[in-house]
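There are 4 protein chains.
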Amino acid sequence: MSGSTLGTLFTVTTFGESHGPAIGSVIDGCPPGMLLSEADIQPDLDRRKPGTSRHVTQRREEDKVEILSGVYEGKTTGTPIALLIRNEDQRSKDYAKIANSFRPGHADYTYLKKYGIRDPRGGGRSSARLTAPAVAAGAVAKKWLKEKYGVVVRGYLSQIGPNKIEFKNWEDVEAEGNPFFAPDLARVPELETYMDKLRKSGDSCGARINVVASGVPVGWGEPLYDRLDADIAKVMMGINAVKGVEIGAGFHSIEQMGTEHGDEMTPEGFLSNNAGGILGGISTGQDILVSIAIKPTSSIRLPRKTIDVEGNATTIETHGRHDPCVGIRATPIGEAFLSLVLMDHALRHRALTLAGATVR
Amino acid sequence: MSGSTLGTLFTVTTFGESHGPAIGSVIDGCPPGMLLSEADIQPDLDRRKPGTSRHVTQRREEDKVEILSGVYEGKTTGTPIALLIRNEDQRSKDYAKIANSFRPGHADYTYLKKYGIRDPRGGGRSSARLTAPAVAAGAVAKKWLKEKYGVVVRGYLSQIGPNKIEFKNWEDVEAEGNPFFAPDLARVPELETYMDKLRKSGDSCGARINVVASGVPVGWGEPLYDRLDADIAKVMMGINAVKGVEIGAGFHSIEQMGTEHGDEMTPEGFLSNNAGGILGGISTGQDILVSIAIKPTSSIRLPRKTIDVEGNATTIETHGRHDPCVGIRATPIGEAFLSLVLMDHALRHRALTLAGATVR
Amino acid sequence: MSGSTLGTLFTVTTFGESHGPAIGSVIDGCPPGMLLSEADIQPDLDRRKPGTSRHVTQRREEDKVEILSGVYEGKTTGTPIALLIRNEDQRSKDYAKIANSFRPGHADYTYLKKYGIRDPRGGGRSSARLTAPAVAAGAVAKKWLKEKYGVVVRGYLSQIGPNKIEFKNWEDVEAEGNPFFAPDLARVPELETYMDKLRKSGDSCGARINVVASGVPVGWGEPLYDRLDADIAKVMMGINAVKGVEIGAGFHSIEQMGTEHGDEMTPEGFLSNNAGGILGGISTGQDILVSIAIKPTSSIRLPRKTIDVEGNATTIETHGRHDPCVGIRATPIGEAFLSLVLMDHALRHRALTLAGATVR
Amino acid sequence: MSGSTLGTLFTVTTFGESHGPAIGSVIDGCPPGMLLSEADIQPDLDRRKPGTSRHVTQRREEDKVEILSGVYEGKTTGTPIALLIRNEDQRSKDYAKIANSFRPGHADYTYLKKYGIRDPRGGGRSSARLTAPAVAAGAVAKKWLKEKYGVVVRGYLSQIGPNKIEFKNWEDVEAEGNPFFAPDLARVPELETYMDKLRKSGDSCGARINVVASGVPVGWGEPLYDRLDADIAKVMMGINAVKGVEIGAGFHSIEQMGTEHGDEMTPEGFLSNNAGGILGGISTGQDILVSIAIKPTSSIRLPRKTIDVEGNATTIETHGRHDPCVGIRATPIGEAFLSLVLMDHALRHRALTLAGATVR
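Residue numbers (this note's numbering), protein chains in the order written: chain X, 3 to 362; chain F, 3 to 362; chain V, 3 to 362; chain Y, 3 to 362.
Read the hints as simulated data drawn from the structure, not as lab findings.
Some hints could be false.
Since the list gives no way to pick one copy over another, a pair counts as held whenever it fits inside one copy or between any two copies.
Unchecked claim - Heads up, simulated DSS-like pairs for lysine-lysine below, C-alpha to C-alpha not over 25 angstroms straight-line: (1) K170 with K148; (2) K99 with K77; (3) K115 with K148.
Based on the provided sequences and hints, a complete structural model is requested.
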């Protein structure tokens, strides 16, 4: 238990359930003196929020964030920053039908078995809605990383179902009329057609998200175990529906030769980035490259074989409001978690270097 | 800094460098009353140790482990168990040549930049040799998991370079004359030919290791952030040379439909295991399926472009003794880290259930 | 930084400032299945809240707690329990006068020097008001300890200024017309006279609080460093204004002989309790006896020599609303922190024993 | 369980039992680049070691420390520093007589009840001998604090049994022919007479140790819970036999008025130090003043009432080799633990200030 806090020096503790009164997070360890207001946080929440297109859940949540503490006269004070988001559009009755059986591929089953009690409303604690407080906290980390180091953390959808999307440019990712964070605006119509067909079919599909952090200085990461890549893998695999994490060349490195994989160095810098910006668990100064696999949504309309809470065979069809592909909204989530890890490691590394500096 | 401890209730702290006086680990949190001696630990160290075939480094290390504490009259006492391994075969002079430049793909560069000082002998702290103390600690976790829960943790080499190896049976993995932990003895001659050619070429290759834990009860894992899959991803990505981690269907789940991926349930159990035994970050009771990608060794004989510590362009050829594929010895390492995570979560979950039990 | 979380398995993270929008806490690790509502928490908040008598600050705060998460259909779910208390009666202008100089004995100075920024309103984060969220969390721990183990945690005021108060009985402590948590109702009139005189004088005084936990089973505490007495000392010394902590005989043990101090044992139990219920950092099964010293309030009306933020000599008189003796409201605070430590150690110990049990 | 690690950024994990093969510690988080050798550590071990006078246990232990890792070419590398001390003079047979009953005031009872198994040889893990690895680690922290900040951590014996010793000067504390760390050499003959009489009587007595840290900058400590005073209280109460901890005026502050206790400030500095150098959990820049109460040794020759492991009434006399007053050797132990806390907080604070600095 007590697994709801992330980080060592920059810690984030989240709370809440999909259909409870509120969700939120407490950031402890944000350095003092940074200008901060709700306006710095709301944009990322808006990028993640439901109901923004026909391709995502139609649940209506404004996800308005309120800063409860840690800011005085517009600046962070170094004390805990509490962020509160009230839940608004709850249709708990939607879940009456499924409250007594388990959705294949969903945490319904494991939560009930683990805790002996379960909040079936929208998946309770296991809902992807709980990524919102992390996105809010991530926006604080993102701002600090940018202001202090010029680090920019960005992501995009690189594949949805069978559709691979080559990276074209960052502008397209955030462009009007691109509900997918796809890195090539020209591909959007085709993706919309695919998603419309999928939605009508009552099935769901998976996706791949790539997240890139530029400007990270060399030296972040605390081997042997709190390596930068290890902590990135932890938070990324911890995102709802994620089943795989790659850094740099990832699984492709299995078939590479050493002469191909090892990034050669010149006085002008590295000649490639198979390492994904991390060697020995420590940042190299190159872009940090992370890619994650997101499984298809488990809440689908098509009937599936399952059991009820008494263990009897039954079938289940999940109606109500669900994302046919949770990957569509996952880009800001991936950015947020990568930002949280980088901020924590920035502080950990600074403690070491500064401390070491004057002794040397 | 202080990133050399793993775990919450069952913690492992390792120390040492490749060419220092000794390496070792301190296990804190092992329950009392378990029979334990060096004989329980040495076999996994022997499976990992160098010099066991022509396909791995020829460094001669007996890797004899000594239990320094935590055991009285043959039983664990519940106090810290310190495990010591003396380094024996150190040829530090081998590193004189490369001490002033960086191996592409190696932690040489990042360690020097981070710490401002570096132990070039065999990679110092960043050496794969430092997996030995973790393997020793993992053997203790493995024994406890087996005795208390009947959990069995096993791994195998599923791919080396371009050669994919289908799983045939567990007997083959540990069979005489199988230096690769390959799950199909019939494939060994072909793999040996491949490795001999590779070694002579002076290049290196990558590999894929699969690790499976059978018998894990439903309920292990502490959402939201200390999820079982998240902690597995952290330790696996933290193993030297690992660039990717998958649970269950992993990256394959991107192209699966929800109707295909979600494991249907019947009174007799699940009908498939795309989840890899984990839903919502909590074990389902099915086998835990983990797969990792290992990059090709960075220390190779072929010349590579690089820079020296002053930043000048140069080339480097790494002679001395190195594994042409670190994946060959990675199977017991993957088993050890998975065992450490499972043991920690077993204890964390028991605290919760027991605690909750009588209140309910 | 990030020092606002207590505990290992039962963690409490608090947030807020004296005059911000709200204060609160997030409990992570509460076992599932316990009946819980605001009615279980409010009574301890009411015992601590200001304005309950003329002897404490006249600030009017209802301190109404709202449970935001972690409870479903009246029962804890095992997920984080967020507790919110809105601030109501803020007279920030009271602090304009003192915003630019430091109160002798107050955290004004150290907070500004540490963080480079300070919220002067009511002491900001350093205010004793921040004990309220801990008292709320402590009420949850208290309930669980009582229901599951029959552990009862109670405290009383044993000295205020020069007035020592012998323990008479627990009824008196909570009796009507006893604003001091004094363990002898007959002493109350004399204490009121003393406090009235003190208040009029514009000065302040110190106090001693004793806290007792009955029913704690033998075995709680995790040596060597997370000993039960060590963790109790940490949280108690961490309470605002506390300058000393004793367990059992405490400082009196300096002048005891071994033959006097060591509690002899018989088949019927211990013959004394100089140990205060803890030996070797582990509970003995006897009452846990804790005593703390509380310094006099630093915010007083009488003029004191000090410096302003520019470092110039000045004098300061603190008007506004303050407790002439913070010890008067400290009893429920001491109970809460002791309860938090006991609950965390209950869970930690259970993980060990259960885990060990079947191996032995 | 897993309570054998101290610290957040500068962590120390100890292992070993009084009569096992070896004891030791692993320091993780020591900054790189500091000159370090056994010669920096041995002196504090020698100050603590047994057999140095007739007033302490006659067990003969050289307590020679070996650095196993973390140092390369005489300098710390930033990687874990493992310190090993082999046990030499073990007379386990001395404990045969008492192996089946419990010493009043000793951890015998609680260890057996907690762990269900116990190492009776010299108290096993609960032995004061286990302070040696912490003293070794403390010497590393002490050196860094002195070199980097000019912080000096020193202690002395301020009372033994009924004999209070006024502080005269630091030279006397370390003077030849002063086996007590008494701060007034003139008092030593009287103390020796007292101790000789006590030893012959077969009884034991308590003591008080004062520890002072000079040169600590303003700003160390991480409120609300990882306050500097809170963490000091934790480690000090965690030292064997300690029953009370005071900071500054300590329990004396109960009877002080606010006008007396609050340390007035002038441009030249504070006019007094009742705070003991800590306000709001943060260092003020004044000396850190800590005082601890040490109970009388529980292992005494005089017969005491107790029970055996079956719970039957019996009496016990403890022969073998024991300190009649553990306080005599406690001064270097108190210094070590205070140094460990200060070092950890130095690093934590630097992470914050540096991080904040450029944002402000």
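Item to complete: Taking the numbered hints from earlier one at a time, note which ones the structure violates and give those numbers from smallest to largest.
Response: none
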